[in-house]
Amino acid sequence: MDEFKIKFRGVRGSYPVPNKEFLKYGGNTSCVEIRVGGHLIILDSGTGLISLGNELMQKYIESGTTITDRTPVRCTILLSHIHLDHIQGFPFFRPSHLASTRMSLLGGVNYNETLEQELAKLLFTKSFPLDLGDIAADLKIVDLNETNYVIFKKGAETPEVIRVNDLKDGDYSDEDVVITCYKSYAHPQNGVFIYKIMYKGKTLVYATDKESYPGGDKKLVKFAKGCDLIIHDAQYSTEDYLSIYVPKQGFGHSTFEMALDCKKQVGAKKMVFFHYDPCYNDDKLDALAEEYASEDAIFAYEGLEIDLI
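Sequence positions in the sequence shown follow my numbering and run 10 to 318.
It should be emphasised that the hints constitute simulated quantities derived from the structure, not laboratory data.
Fair warning: this is a prediction, and the values are worked out from it, not measured in the lab.
Do not rely on the hints blindly, as some may be mistaken.
[Stated by the list, open to error] In silico lysine to any residue, SDA-like type, Cα no more than 20 Å apart, as pairs:
#1 K33 to L313
#2 K163 to L107
#3 K205 to L107
#4 K33 to A302
#5 K293 to G276
#6 K192 to T80
#7 K279 to G210
#8 K130 to L32
#9 K205 to V170
#10 K33 to G200
#11 K279 to E300
#12 K279 to D249
#13 K149 to Y194
#14 K16 to Q274
#15 K14 to Y194
#16 K279 to I315
#17 K293 to P25
#18 K130 to L153
#19 K33 to R44
#20 K209 to I315
#21 K14 to I318
#22 K29 to R44
#23 K279 to S252
#24 K149 to L107
#25 K211 to Y191
#26 K227 to G200
#27 K192 to K205
#28 K33 to I318
#29 K231 to Y310
#30 K192 to K163
#31 K231 to D291
#32 K192 to E125
[Stated by the list, open to error] Derived CB-CB ranges, DEER-like:
#33 E248 to G47: 42 to 52 Å
#34 K227 to A108: 39 to 49 Å
#35 T134 to G259: 43 to 53 Å
#36 F260 to K163: 40 to 50 Å
#37 D152 to E71: 30 to 40 Å
#38 G164 to E248: 33 to 43 Å
#39 D78 to L251: 34 to 44 Å
#40 E30 to L93: 20 to 30 Å
Don't be surprised by glycine CBs; every beta carbon is placed ideally from N, CA and C.
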């Protein structure tokens, strides 16, 4: 299927805010739905994942009258890191509790444990009625690193993970969806994965939960150069970041100015501000949107859709 569509399901950082003053931009934590080349790819599984799961479950039920003739859910989740605001929606993703669902979950690991072990401890064994192993879906959890290419072949249900040194001519084409990543250490405690998704000459870069450096993050600039869309962390206003009372330097997040500087250095065609501070209600974000109205940038909100093809 010739498509590259992005839908924002959760745009908030740190923790969800179910409050009437946050309805315009949304209070759910990080989750971005990507429909590309016939595949469903989900960036992070914050509380925004829950509404996506509910919609997928409804479509599954409507697709047939019995379990055997319904269209099963197929999806891949890419985790930037495993801080709670990026994973807390996963246990409540309803399609994961269907035996017919096939899911891949990919992300980085810490030094002594696998991603599966970490998720089991954080989200299930002591904090949820089920263990990770009790999930009914066909779930494949894959540990990623910077040497991996994730390739979604045309017509395939699950991705291939190939080391860059093992790639051969013909392993992928313009018809396939190709994902690469690198680990930024500009976020405590164990860094964050930045993802690049490529399909038919179009490129999306997902750069959440990262702080910039004086003069810009040169590694990110090189990685994202010339992309069609960059989704960039913009948790703080410059005023809050530099506050003499509670400065946010070193917290692992960027300002709106840092995000704009990155867009300019990268030469990105479009940029979306993402991962807002949970204290920033609609009025605060409206004021920031007015402040940056002259800039070529989009303020993310739940339900925002962007089509790259």
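Going through the hints against the structure:
1. For the hint pairing K33 with L313, the CA-to-CA distance comes to about 11 Å; that is within 20 Å, so the pair holds.
2. This hinted pair does not check out: K163 and L107 have alpha carbons roughly 25 Å apart, beyond 20 Å.
3. Between the alpha carbons of K205 and L107 the distance comes to roughly 30 Å, so the proposed pair goes past 20 Å and is violated.
4. Proximity of K33 to A302 is assessed by CA-CA distance (about 17 Å); at most 20 Å being required, the pair is judged to hold.
5. Taking the CA atoms of K293 and G276, the gap is about 28 Å. The hint is violated against a cut of 20 Å.
6. Proximity of K192 to T80 is assessed by CA-CA distance (about 36 Å); at most 20 Å being required, the pair is judged violated.
7. A distance of roughly 15 Å separates the Cα atoms of K279 and G210; the hinted pair therefore holds under the 20 Å criterion.
8. Taking the CA atoms of K130 and L32, the gap is about 32 Å. The hint is violated against a cut of 20 Å.
9. For a cut-off of 20 Å, the pair hint linking K205 to V170 stands: about 14 Å separates their Cα positions.
10. Restraint check for K33 and G200: not satisfied, since their Cα atoms lie roughly 30 Å apart, outside the 20 Å limit.
11. Among the hinted pairs, K279 with E300 is consistent with the structure: their alpha-carbon atoms are about 18 Å apart, no more than 20 Å.
12. Proposed proximity of K279 and D249 is contradicted: the alpha carbons are some 25 Å apart, above 20 Å.
13. In summary, the hint linking K149 to Y194 is not supported, as the alpha carbons are separated by about 26 Å, beyond the 20 Å threshold.
14. Distance check on the hinted pair: K16 and Q274 sit about 25 Å apart at the alpha-carbon level, beyond 20 Å; violated.
15. At roughly 29 Å between alpha-carbon atoms, K14 and Y194 are farther apart than 20 Å, so this suggested pair is violated.
16. The straight-line distance between the Cα atoms of K279 and I315 is roughly 10 Å, inside the 20 Å bound, and the hint therefore holds.
17. Pair hint K293 plus P25 holds up; C-alpha atoms about 17 Å apart against a cutoff of 20 Å.
18. Annotation: proposed proximity of K130 to L153 holds, straight-line Cα distance about 19 Å (limit 20 Å).
19. Of the supplied pair hints, the one linking K33 and R44 is violated, its CA atoms being roughly 24 Å apart against a limit of 20 Å.
20. Proximity of K209 to I315 is assessed by CA-CA distance (about 16 Å); at most 20 Å being required, the pair is judged to hold.
21. Restraint check for K14 and I318: the C-alpha separation of about 8 Å stays at or below 20 Å, so the hint holds.
22. Distance restraint check for K29 and R44: the Cα-Cα separation of roughly 30 Å exceeds the 20 Å cut-off, and the hinted pair is therefore not satisfied.
23. This hinted pair does not check out: K279 and S252 have alpha carbons roughly 29 Å apart, beyond 20 Å.
24. Restraint check for K149 and L107: the C-alpha separation of about 14 Å stays at or below 20 Å, so the hint holds.
25. A C-alpha spacing of about 19 Å is found between K211 and Y191, which places the hinted pair at or below 20 Å, so the restraint holds.
26. Among the hinted pairs, K227 with G200 is consistent with the structure: their alpha-carbon atoms are about 16 Å apart, no more than 20 Å.
27. Restraint check: the Cα-Cα separation between K192 and K205 comes to about 12 Å, which is no more than 20 Å; the hinted pair holds.
28. Distance hint between K33 and I318 is unfulfilled; the C-alpha atoms sit about 27 Å from each other, more than 20 Å.
29. With a C-alpha separation of about 28 Å, the suggested pair K231 and Y310 falls outside the 20 Å cut-off, and the hint is violated.
30. Under the criterion of a C-alpha separation no larger than 20 Å, the hint pairing K192 with K163 is inconsistent with the structure, at around 27 Å.
31. Between K231 and D291 the CA atoms are separated by roughly 34 Å; this puts the pair beyond 20 Å, and the hint is violated.
32. The suggested pairing of K192 with E125 holds, with an alpha-carbon distance near 19 Å, which does not exceed 20 Å.
33. With their beta carbons about 45 Å apart, E248 and G47 fall inside the hinted range of 42 to 52 Å.
34. One distance hint, 39 to 49 Å for the beta-carbon pair K227 and A108, holds here, with the actual separation near 47 Å.
35. For the pair T134 and G259, the supplied restraint of 43 to 53 Å is violated, since their beta-carbon distance comes to about 32 Å.
36. Between F260 and K163 the C-beta distance comes to about 41 Å, which sits within the given range of 40 to 50 Å.
37. For the pair D152 and E71, the beta carbons lie near 36 Å from each other, so the given range of 30 to 40 Å is met.
38. Between G164 and E248 the beta carbons are some 51 Å apart, a value that contradicts the proposed interval 33 to 43 Å.
39. Between D78 and L251, the C-beta spacing of about 59 Å breaks the proposed range 34 to 44 Å.
40. In this structure the supplied range 20 to 30 Å holds for E30 paired with L93, their Cβ-Cβ distance being about 23 Å.
Going down the numbered hints, you'll see the structure goes against 2, 3, 5, 6, 8, 10, 12, 13, 14, 15, 19, 22, 23, 28, 29, 30, 31, 35, 38, 39, while the others check out.
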